[in-house]
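Fit the two chains together into the complex; they arrive one by one in their own frames, and the hints show the way.
Protein chains in written order, with the working numbering: chain A, 2 to 309; chain B, 185 to 552.
Read the hints as simulated data drawn from the structure, not as lab findings. Among these hints, one or two may not hold up.
With a straight-line Cα cutoff of 25 Å, these simulated DSS-like cross-link-like pairs (lysine-lysine) come out [to be verified]:
{"no.": "1", "chain 1": "B", "residue 1": "Lys-190", "chain 2": "B", "residue 2": "Lys-387"}
{"no.": "2", "chain 1": "A", "residue 1": "Lys-181", "chain 2": "A", "residue 2": "Lys-215"}
{"no.": "3", "chain 1": "B", "residue 1": "Lys-387", "chain 2": "A", "residue 2": "Lys-129"}
{"no.": "4", "chain 1": "A", "residue 1": "Lys-215", "chain 2": "A", "residue 2": "Lys-305"}
{"no.": "5", "chain 1": "B", "residue 1": "Lys-190", "chain 2": "B", "residue 2": "Lys-201"}
{"no.": "6", "chain 1": "B", "residue 1": "Lys-387", "chain 2": "A", "residue 2": "Lys-55"}
{"no.": "7", "chain 1": "A", "residue 1": "Lys-126", "chain 2": "B", "residue 2": "Lys-383"}
{"no.": "8", "chain 1": "A", "residue 1": "Lys-55", "chain 2": "B", "residue 2": "Lys-383"}
{"no.": "9", "chain 1": "B", "residue 1": "Lys-387", "chain 2": "A", "residue 2": "Lys-181"}
{"no.": "10", "chain 1": "A", "residue 1": "Lys-129", "chain 2": "B", "residue 2": "Lys-460"}
{"no.": "11", "chain 1": "B", "residue 1": "Lys-387", "chain 2": "B", "residue 2": "Lys-201"}
{"no.": "12", "chain 1": "A", "residue 1": "Lys-55", "chain 2": "B", "residue 2": "Lys-460"}
{"no.": "13", "chain 1": "B", "residue 1": "Lys-190", "chain 2": "A", "residue 2": "Lys-126"}
{"no.": "14", "chain 1": "A", "residue 1": "Lys-230", "chain 2": "A", "residue 2": "Lys-266"}
{"no.": "15", "chain 1": "B", "residue 1": "Lys-383", "chain 2": "A", "residue 2": "Lys-129"}
{"no.": "16", "chain 1": "B", "residue 1": "Lys-187", "chain 2": "B", "residue 2": "Lys-201"}
{"no.": "17", "chain 1": "B", "residue 1": "Lys-460", "chain 2": "B", "residue 2": "Lys-383"}
{"no.": "18", "chain 1": "B", "residue 1": "Lys-187", "chain 2": "B", "residue 2": "Lys-387"}
{"no.": "19", "chain 1": "B", "residue 1": "Lys-276", "chain 2": "B", "residue 2": "Lys-238"}
{"no.": "20", "chain 1": "A", "residue 1": "Lys-129", "chain 2": "B", "residue 2": "Lys-201"}
{"no.": "21", "chain 1": "B", "residue 1": "Lys-383", "chain 2": "B", "residue 2": "Lys-201"}
{"no.": "22", "chain 1": "A", "residue 1": "Lys-126", "chain 2": "B", "residue 2": "Lys-201"}
What follows is each chain in one-letter form.
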Amino acid sequence: MQVLDVSQVSKSFGAVQAVREVSFAVDKGEVFTIIGPNGAGKTTTLQMIEGLQKPDSGAITVLGMTWDRDADRIKMRIGVQPQTSALFDLLTVEENLALFASFYDRHRPVAEIMELINLTDHRRKRVKTLSGGQKQRLAIGLGLINDPDIIFLDEPTTGLDPQARRNIWDIVRRLREIGKTTVLTTHYMEEAERLSDRVCIIDQGRIVAIDSPKALIGRLTREREIHLKLGADAEAAAAEDAVREEPNAARIERDGAYVRIRSRKPEATLHHLLGFASDGGWSIEQIAIRELSLEDVFIAFTGKEWRD
Amino acid sequence: MAKSMKQLRMLFGAQIKETFRERQVWFWQMLFPVMLLVIFMVIFGGGGGDFSAKVAIVGERSGAAAETFVSAAEASGVLEVETGLAPEEAEKRLADNRIDAVIVLPESGESGEFRLLVNAERQSGSTAQAIGSIAGQLTAAANQAVTGAAPAFTLKTEYVSSGSRELEVADFLLSGMIALSIAQSGLFGMIGLVEMRRKGLLKRLRMTPVNMRLFGVANMGAKFVLSIVQLVLLAAIGILVFGANIDFAPATFLLTFAVGTLAFSALGYLFASLSKTLESYMGIANIASFVMMFLSGIFIDITVLPGWLKPVSKVLPLTYFADGVRGGMVYGSGMDAELWLNVGVLAAWGAASFILATLLFRRRSASV
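Okay, chain B solo, but in the shape it has when bound (with noise of 0.2 Å):
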């Protein structure tokens, strides 16, 4: 027992050691994804300012509704509203990115609909997101208003506190990067052992008496501190430089947290038994990491996908990690059926990859 506690000592420095003095970690899993979440950030964040986005207001200001539509608009804080612009004026000027969006008040004072129109080319950005969401509890304000069930005023206050919270890009990014680094270094995490297999180390070991088992719990271990490594950094960027917000759910998260490095790191172990050279194994990491990427909602929120997309996002694994981390990082969830769909999910995904590598490497080792 006390042997198998120094082994396992042994190997788990081994391996935090080869991890740490490796640069290429330096580079793709600590610098890499600062890079990114930094441009992200200036891209879509506002760099580091609050939301802002320029809206006109065009048509006729007839009735409660509208009024209260227009001045809740204005007084939102996050909205630069124009109004009395001529419709087509205001529209040749979206077209010209000039302005983000442009509302269309309804005709009738009574009911109709608020149309919201924003540039064709813009529309899968977090702008024109974040507008349209502003916009449809802009439209449930006026409803309100116009059946008085509750005083306009009190109305704006909510929509601030609550519509800021939201609309924090800052906190949007910020989670989906530490979501997607701590994937990616899951998927690519297992180079070190296809060179291990390449070099004959993983023969060399099976020379000796030491417990494989041991050799993986190890090389999980130095995961786990490597994730941490990353997490703690791209939160304290994301809170420091940008302003990112926290609501930590430590129960949440912690789960999310450890289900998700599983996981990821079966599913590098997969593409690791399935790839004979370095070559091949970068490849099918990065196919899975660009798939994941862009349809598990890191950058943009998956309900702004085609129709056709949206099954495939569905069951990716990123999808429910990013979803967990953000439920336990921004959106302070507890834990509801939510984290147990998010964290069964990411469970299954790792336990069938483990299971599928384990039998390949099985096979393959038999072979040899």
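Next up, chain A with everything else stripped away, as it sits in the complex (with noise of 0.2 Å):
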């Protein structure tokens, strides 16, 4: 069941254009995840949808509403986490929730959430004490209080340690068994490949790519990279030399005693080197075969570096 359609929607800002027709629909239960570089667009994207911005042409459907007829029936019925986190300083965690919670018709218990954010221990602590990760997770928190049917989390994980972002990803993925749809951006590829029941690839205000995280990947070439180092610098020169003569070994760098190799099919590239390897007795003292990422699926769809 589609609970988000997003059809054709352009928005600009001045001469800048932040997004163009952009599509897209969402399915309950799914996480779907928008990627992108900064300034590609995401956060405006998100706050069309939110109801924050008004798209300059193009139609969202939200539950089956839209922000012109029914923006108090959307309200009730969507949770949000801003980028920067927007909370009542001076007021502790659980003030923070419980007003929260008067502004809606139906919400969760307030204890209830505060277990789900792990939180249930800093609850009588003032926001302004929170460390960035606890602020991050409270934000969340109060965008879950009317236990809503769509949760919207823009950059939930910007600025934080791995130990909060995995705090974080864990709430994800618990609101992912409890069937909750989850719409989140990310500039982190990782986050977004481990997430994710769908990804969708921004670029310029442009949708480059939108799929699982696999099957992105799966539409690669199967090319992948090996990586090697060896006992010594002659040996590594040996190595790049016999390499040439494989068909499959596409691109070939040294650097010292290691070598990179890009290879349409590692298997059979590696068993032709083990060969030279053994035969002139030289000793590899690391080998590895880097598995692609959405990293790669980035720079193969825009031609572009990937930055985080």
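Dropping the structure here:
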């Protein structure tokens, strides 16, 4: 069942076209991630869906309703965690949640949300004294207090340390388990790959690709990167020469004792290489085949380097 | 309906907590006005004692008018009178600040002018004003003595009671400080709103179905609570420590208080709508507050302002607020024309600021 439909949506600010004819649909229970570099149009897209921005053209349907006609009804049924954690700094965790709860016709018990975002121990702490990760979790909690059908998380892990980031991932996974639909933006590829059912890659306001992370990676060529470290520079140079004869090897780079090979058939390339190694008595200190990731997908689809 | 009430209660509770948990509020809205009150009371209020000033009366004591004037001055209890000095000596002492004023008796016993000399550097001080006011009344007494309209003896007692009532500097300062601090918490009180906008909290609230009107009402409710706390605090210190007198007119006071609190909050709201950052808001609020502090008769009476500044003072809301607060606290004024003028001007300022601010806010949030 479709809970969100975005169709041919565009938005510009002055001369800058932030979002160009973006279309996608999100199903119930899905974790849908919008990724892209800073300034790609992720937040603008999200804000249009949340009713904070009006699209210049195109249509957005949230839970079968539109912002023009049903703004208050949509607000009752969505939850939002904005990019900057906007909280009442002098109120405690519990007071913030109770206050937001009073805005809605129906809401989850405050204690249950505190449990979910793992802040029960800090319930009486004022927001001012919380860490960045705790604030971010509380912001997510405020978005969940009305038991929303869709929750929007705008870069929930930006600026957090690895542990705090993992805590947020746990929350997203739990939301998925209880059947909530989550739409999130991130510029961490690893995060998108781990959490999402489907990923939408945006660059310069345009959708580059939409699919599950696996399917997107699957669309790339079968090329893999082999990393080797040999015992000596001379051995590495010999290995470089040996690999050139192997028809599957596409690109070979050497840096001292290190050799990097791109191969369409890594097992054949390695077999060829290891034969030379045992014949020549070389010592191989490290050997690895790097898996392709969403980062490679981004590079393949946009022709640009990915920078976090 | 019950839901709205609950929402209002929660919002009000949140605003109260956000206000009273803020250390800045404790300092600027409570401790600072108290400090200011104490400082001004000590400087101008004679340290809690009754007002008194040293005056030299020089010139020929010819005729009943002059006699009445001098004896009334001596009996007033507020003037320390020195007579028999040579005019030049008296003027020298005045210039050296050893005495507060010199009064030169008229040369003729029947008519002429009493001349009042005060130190030029101190002419705007409250002592000089007070002496001027006393001298005016003494002159009136002397005139009456000449025409024989009333016995001088009655006049003296009448003067002492009515004079001390008007001259209590403590009352003037206390009521002025109360008006000023309520005005300032209005002018500066929208810091929270500027901060909320900067942090994106206003935007966050707009993503919920919360009724923003209730939010505004709750905000004003918290402002009133703060104003009442300031009022009680300052009044208690003024009365208990500095012996200020209160002639409380509840209806006049409450009406002025309510309309004034709303009007200054509306002004603060206008400043908030004009400023993107905390710094610019503080700048605007500071300028407004300074201008009003000195031109609205808080510490110095507006009658001593230079003529070209008086029209400015006549349009400032604090002038009317201070007047209303004084009427309701010190003079026991009834619901007279002056009250309605005060309340009317404040209401006009409040309404105009509120409408303009709302328009500006709407335009800005539409463009974000």
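Does the structure keep B/Lys-387 and B/Lys-201 at a Cα separation of 25 Å or less? Holds. B/Lys-387 to B/Lys-201 sits at ~21 Å (cutoff 25 Å).
B/Lys-460 and B/Lys-383 were given as a pair; does the straight-line alpha-carbon distance stay at or below 25 Å? Holds - the C-alpha atoms of B/Lys-383 and B/Lys-460 are around 12 Å apart, at most 25 Å.
For a C-alpha distance cap of 25 Å, please report whether B/Lys-276 and B/Lys-238 respect it. 14 Å, holds
Are the Cα atoms of A/Lys-215 and A/Lys-305 separated by 25 Å or less? Holds: A/Lys-215 and A/Lys-305 sit about 21 Å apart, inside 25 Å.
Restraint check for B/Lys-187 with B/Lys-387, where alpha carbons must lie at most 25 Å apart: 22 Å, holds
Run the distance test for A/Lys-55 versus B/Lys-460: straight-line Cα separation, threshold 25 Å. 22 Å, holds
Is the hinted pair B/Lys-387 and A/Lys-181 satisfied, with a Cα-Cα distance of at most 25 Å? The hint holds at about 24 Å.
With a cut-off of 25 Å on the C-alpha distance, tell me whether A/Lys-129 and B/Lys-460 pass. 23 Å, holds
Hint check: B/Lys-190 vs A/Lys-126, CA-CA at most 25 Å. Holds or violated? 24 Å, holds
Pair hint B/Lys-387 and A/Lys-129, alpha-carbon separation not exceeding 25 Å: Holds, because 19 Å separates the two Cα atoms, which is no more than 25 Å.
Would the hint linking A/Lys-230 and A/Lys-266 be met if the CA-CA limit is 25 Å? 20 Å, holds
Could you grab the alpha-carbon distance between A/Lys-55 and B/Lys-383 and see if it respects the 25 Å cut-off? Distance ~21 Å between A/Lys-55 and B/Lys-383 Cα, so the pair holds.
Going through the hint list in order, the structure satisfies each hint without exception.
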